[in-house]
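Residue numbers (our numbering), protein chains in the order written: chain A, 1 to 382; chain B, 1 to 165.
Hint data in this document are derived by calculation from the structure and do not stem from the laboratory.
Source: prediction; values computed, not measured.
Yeah, the Cβ is synthetic: ideal placement off N, Cα and C, and Gly gets one too.
Hints may be right or wrong, so weigh each one.
To be verified - Covered stretches of chain A (in silico footprint by chain B; criterion: 3 or more residues with CB under 8 angstroms from a CB of chain B, positions within the stretch not fixed):
id, segment
1, 143 to 152
2, 241 to 247
Unchecked claim - Residues from chain B that keep clear of chain A, each with C-beta distances beyond 10 angstroms, as calculated:
id, residue
3, V49
4, R59
5, A63
6, I123
7, V130
8, W131
9, E142
Spelled out from the first residue to the last, the chains are:
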Amino acid sequence: MIQAGVIGVGQTKYDAKRRDVSMGGLVREAIDNAMLAANVEWDAIDAVILGKAPDMFEGVVMPELYLADAIGAVGKPVLRVHTAGSVGGSTGVIAATHVCSGQFKTVLTVTFEKQSESNATWALSPRYPYSPHINAGAGGYFAPFIREYIRRYDAPEHIGWKVAVKDRLNALKNPLAHLHIPGIDEKMVSDTPMLWEPLRYLESCPSSDGACAMVITSKDLVGSRDVAWIKGMAVRSEGTLSAGRDEVNPQAGIDCAKDIYDQAGITNPYKEIDCAEIYVPFSWYEPMWLENLGFCDLGDGWKLTDKDATAIDGEIPFNMSGGVMSSNPIGASGMIRFGEAALQVMGKANDHQVEDAKVAMGHAYGGAAQFFAMWIVSSSLD
Amino acid sequence: MSEEEKKDYAESPINLEYHYTAGSATTRFLNQVKEGKIVGQSCPKCSAVYVPPRGSCPRCGVATNIEVPLTDKGCIESFTIVHIPIPGNPIVPPYVCAMIRLDGANISFLHLIQGIDVEEIRIGMRIQAVWKPKDEWTHSLENIKWFAPIDEPDVDVATLRFQES
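The shape of chain A in the complex, shown without the other chains (with noise of 0.2 angstroms):
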C-alpha cells in the first residue's frame, strides 16, 4: 500500500452565520487555505472528495453536484461521503484511501455544514411513521445513554461541567473557533438552562457554519513539505435497533479504535499518543470515549477527566482546538478533528499546540452513535 500523508489543512472561521459567504464560498475559503499551506496548485489535484452531514441541513439536495466549480472539481472525479456527523473523518479516510490506492497521487477532500440556512434540531426530530412525534433532536437521543452511563458508574453531575469548560478554555486558544467564552467556569455552566436533562445548554454543542479541508498526497510527492503521517484509519459501523447493542460503549467504536492502533502498532493508546481530537458534542461523551477507545478500564473515564488528564497540559489532552464544544459545523466537524490532529503532529497548532506532539488521534461518531471514523498521524513514518 502506498504511504500518504496530510500537507495541508485549511479550515474557515466557524461562526454561528456565516451571512459573508454563499455555500461555494464557504467551501472555497477552506480550500484556499489548504492548498495555500499544502503549497499545491489546482493542476497538481486528481480527485476532489466532499463530505457533509444530511442535506436536510440546508435544504439544498446533492450540494457535491452544485458545488462542483467552487471545489474544483470540474474534470476530475468527484465523489460525496454520507455517514451522518461521522462523515467529516470518514471523508478523510476515503480521500486517503484514495491516495493509498496508488490511483490518485494528491487528493482534495473538504467537508461543510452551513446550519444557519435552514434548522439541524427540526431535521433531526421527524415524525416518524407509525409512532409518536416525541424526537428531540441529537441532545435527546443521546442524554438517556449519558443518563445511563451515569448510572452505571455513579459519576458525578461536575464531570459533564468540567468538560464543558475546559474544551472552552481552548478555544479561546483557538482564533478559528465558533464560541469564545472568556471566563467560563464550572458555576456558569451549571446555572444555564436544562436542555435534555441530564444536559444543560453550556454542556451541549453549538450550531456553527463551517468547512474544513485537508490536501493528501503520496510520500513520494511530499517532498521538503511539513507532512502528518497517516499510521492507521478505519471506519466501522453497527445495526442501530440490534438486541445486544451497547450504546454506551458501542462495539464499533471499539473494534474501530482497535484497527487503527495496530495498524499503528499502538499498544496503550493512554501512553503512546500524545493528543487527541475525539467527537465530543455534548461534554459527557468525554469520559464515554475514553474508555469506548481503550485509553483507560470501563467505569474509569470520569476518573481521569476529573484529574485534569485531557486538559492540553494534561497525560492525554483532548481537543485543544475546544473540539465539537465550541465549533459544530456537523458535516465538517470529523474533519475537522482529523486536521486538528494532523496540525499537531506538523507543530502547526499554534496557540493550542501540545508541546512536543508526535502522535495524535483524530475521531469522529454519528447517526445513533453507529457510525465510526478514525484515524492516527504521526510526524513520522518510522
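Take the given structure of chain A and dock chain B to it, following the hints.
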C-alpha cells in the same frame, strides 16, 4: 432583523411529504397494533425479539419470521426530560422521552412517560401502557397515549442486555 441583513439571504421554504411503505413485517405488526396487541418478531437464528420489528435481525441478517405476542408492561431502560421546544414537534415541553423495554423484548423503543412526578422517574422503573379509547386506534404506536408506572419492584437494567444462548 435589520434592512442590511435582509439583503443577503432569502427565505425559501421547502416541503417534504412521503408515502411510507411499511413492508410485510411492519405491516403484520401494525395490523396487530390496530387491534390493541403488541406482537414482536424473533430471529430464528439467535432468538432475539424485536419490537417494533423491522423485518430482519441486524445481528444475523435473517428475517424475523417468528411472531412473539408481548404484554404492554415493561421497564424504563433510560430516559431524558426534554425542556426545549423542538421545531415541528407538537408536544409541549417539558416531557419525558423514555427508552421503553417491554417484557420479553430485546430492544427498546421511545415513548412518553406520564402519571408520575418527573423527579421520581428512574432507570429500571416498571411501567405499563395507557391506551387511547379503542375507537381512536389506528396503525400506530400512538394508540398508546403514554406509559405510566406500576407498583412492581424495579428491574436491574444490566440484566436486560441480550446474550445469545
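Q: Taking the shortest Cβ-to-Cβ distance between V130/B and chain A, state whether it exceeds 10 angstroms.
A: V130/B clear of chain A: closest Cβ-Cβ about 12 angstroms, beyond 10 angstroms.
Q) Beyond 10 angstroms from chain A, beta-carbon-wise, is I123/B? A) violated, 5 angstroms
Q: Examine each Cβ of chain A, and state whether all of them lie more than 10 angstroms from the Cβ of A63/B.
A: holds, 15 angstroms
Q: Grab the minimum beta-carbon distance between E142/B and chain A and tell me whether it stays above 10 angstroms.
A: violated, 5 angstroms
Q: Determine whether the non-interface label on V49/B survives the test: each CB of chain A must be over 10 angstroms from its CB.
A: The assertion about V49/B is violated, with a minimum of 8 angstroms to chain A.
Q | Status of W131/B, Cβ more than 10 angstroms from any chain A Cβ | A | Per Cβ check, W131/B is outside 10 angstroms of chain A; nearest 13 angstroms; holds.
**Q.** Check of the segment 241 to 247 of chain A against chain B for coverage (Cβ-Cβ below 8 angstroms, three residues minimum)
**A.** Our answer is that it holds, as 6 residues pass the Cβ test (under 8 angstroms) against chain B, meeting three.
Q) Taking a Cβ-Cβ distance under 8 angstroms as contact, does the segment 143 to 152 of chain A have three or more residues in contact with chain B? A) Held - the segment 143 to 152 of chain A has 7 residues with a Cβ nearer than 8 angstroms to chain B, which meets the minimum of three.
Q. Does R59/B really sit off the interface, with its C-beta more than 10 angstroms from all C-beta atoms of chain A?
A. The claim is violated: R59/B sits with its nearest Cβ about 6 angstroms from chain A, within 10 angstroms.
Of the hints listed earlier, those the structure fails to meet are numbers 3, 4, 6, 9, in rising order.
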